[in-house]
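J.: Read off the chains here:
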Amino acid sequence: MDYALIVILQLVVTIANLALISAGLAVIFGMMRIINMAHGEFLMLGGYAALVSHQAGLNLWLAIFVAAPVTVGLIGAVLERLVIRRLYGRMIDTMLATWGVSLALVGVVTVIFGNRVSGISPPLGSVPIGGYAIGLYELLTAGVTALLFLGGWIVLRRTPVGLIARGAMQNREMAAALGVDPARVYATTFVTGAAISGLAGALIAPITGVAPSIGSVYIAKAFITVISGGTAILTGALSASALLGSVNTAFSFVMTPVLGEVALLAAAVLLLRVLPRGITGRFFRRSL
Amino acid sequence: MTLRDALGWLLVGAAALYALVAVPTGGELTTMINGSIYASYAILALSLALIWGYAGILSFGQAAFFGLAGYVYAVAGLNLESTPLAAVIAVAAAAGFAALLGYFMFWGRISDVYLGVITLTVSLILYRFINQTAGEEWTIGAAPLGGFNGIPSTPILAPPGHPDEPFLPEQIYVLAVGALLACYVICKLAMATRFGRAVVAIRENEGRAELLGYDTRRYKLGIFTLGGAIAGVGGVLFANSVFVSPNMFSLQTNGQVIIWVIVGGLGTFAGPVIGCFLLMALSTWLGSLDAGPGFAVLDPNLVMGVVLTLCVLGLRQGLLPTALALGERLLAKARGTRGRGAAELGQPAEERP
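First to last, the protein sequences are chains A and B. Just so it is clear: in the first sequence, position 270 is 270 by our numbering, and no numbers are missing. To convert a position in the second sequence, counted from 1, into our numbering, add 1000.
Derived by calculation from the structure, the hints in this document are not laboratory data. Idealized CB from N, CA, C, for every residue including glycine. Do not rely on the hints blindly, as some may be mistaken.
[As the list claims (entries may be wrong)] To give an idea of the chain B side of the interface with chain A (calculated C-beta under 8 Å), a few residues:
hint, residue
1, Val1088
2, Arg1109
3, Tyr1114
4, Leu1251
5, Ile1258
6, Met1304
7, Leu1308
Please take these sequences and the hints and turn them into a complete structure.
T.: Rendered as structure tokens:
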């Protein structure tokens, strides 16, 4: 019984982790049709922002929930201004340019912090469940992910800001004719996506540690989740995380964690063979 | 054959002659070892030039085939008597893997951007997988996979029938440059065939090609498999120049190939090869500058990233097409004045080829 509970909790944590690292990418891709190759580096920068501000004496929770999203959001704003804005509508060029940005960011961080892993010790300890234990911090991460998606849903569905954002994405000219400045909406969306990525990176940092090249660990999983999810931002990312996270957990459980990741990818390739437009291209089509 | 084609072949021939005759007689070993690394990377760049520039297939994980072939070669070479056989198996494995992956992507009719992400993901997953194979249990026959450190005991190619006399670095260099030349010729020839023309037609307008009766999926699969095989040749040569390690699959390697192709010029074969040599030389030079504290700012990743971003934003065409266009404009200008002169004398103006 305890064992079953711990397996279920582990599954929930894996799924939430996948959803968390994909969230920022899903916002930017789902709303703007931009594939942001620098996503992994946004996560990495979030981790470093939390690490540096915590080492400078800031409370850990403030470092994770305030310093990291704000820092990465600002970096996102600069990038949007300098690079992304010039390339709207040119999907492949955006991809290449953000890849360049990604390499450059890895280079900058390597120059500043050196090519080594730094860590923040995970707070909170663990909860015993029968003869087993699970990290309380990891459960908290899952909770934050749930709140993040709930918040995203409320903003998109229930607020004027969300309505304007969805409108501008659906029909740019019409939104502009109605007095919305699409460029501003795009910029805001990109910055929001970057800030979410920063938060995600900071949340994961105590679990995995941070290194300049850690972005490449996340980026494959985040991309495959978002693309398997399809166009609907929230439902897509969540359903794909659930499916791929389950596959990952099952294979990690039977074999090794890395083989779990290999299985995750194989499952995603098979899935896209059957559903080329992702899960929400076929199911839950009217969802967000 | 137009004048431009003839000039192109002449230049390629001159470059090959220089690399195969002039450089070995100079006889510096480091130059030649670097030369074989550059040449194997250039073959990788060529494979991406083929499938991206000519077939319009956006493979962001071309290094997957490069690394896979390297590893298959190392493992097969350590287990088998004959290294040439191992090389053949390795290239076949890269082609086979490309065919399998291509089947899923083209028959799933995945759009190009998704395709880029999937190929990249495949490469990164291979990277993750190989990276963790440090333990004893990850040994295939006589070959330990070695995890992060790779396989330093990667066997060197030996002539068939003489397994105890592996090639010297100088000979590997000649082999690598020769292979680069051969791959270039193969790419050029492939594009001149009916198959190659159909592939270009599909790149230009897939729907129209399909309506004309071409099964575009087969053509894409064919060219993707050829690209995988060529990348595999590069991987085997790289394994012979250095040794195989997970870095062959890494995000940086995948990024570099794309940068070479973009900087050199998408839609040409010689451009990406030139881009590869130039940028490899640049990053080697940057790496050697590491001594001074002020130079630490010039991290190779940083420089490559900035080069890529600026090229996408500014130099849309790449070096070779830009240079060619410039040359043609100058030529046309020179001809224009000569043509007018001829017209004044009552002669017909020279016809443009």
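J.: For every hint, state whether the structure bears it out.
T.: Comparing the hints with the structure gives:
{"no.": "1", "hint": "Val1088", "result": "27 Å, violated"}
{"no.": "2", "hint": "Arg1109", "result": "5 Å, holds"}
{"no.": "3", "hint": "Tyr1114", "result": "5 Å, holds"}
{"no.": "4", "hint": "Leu1251", "result": "4 Å, holds"}
{"no.": "5", "hint": "Ile1258", "result": "7 Å, holds"}
{"no.": "6", "hint": "Met1304", "result": "5 Å, holds"}
{"no.": "7", "hint": "Leu1308", "result": "3 Å, holds"}
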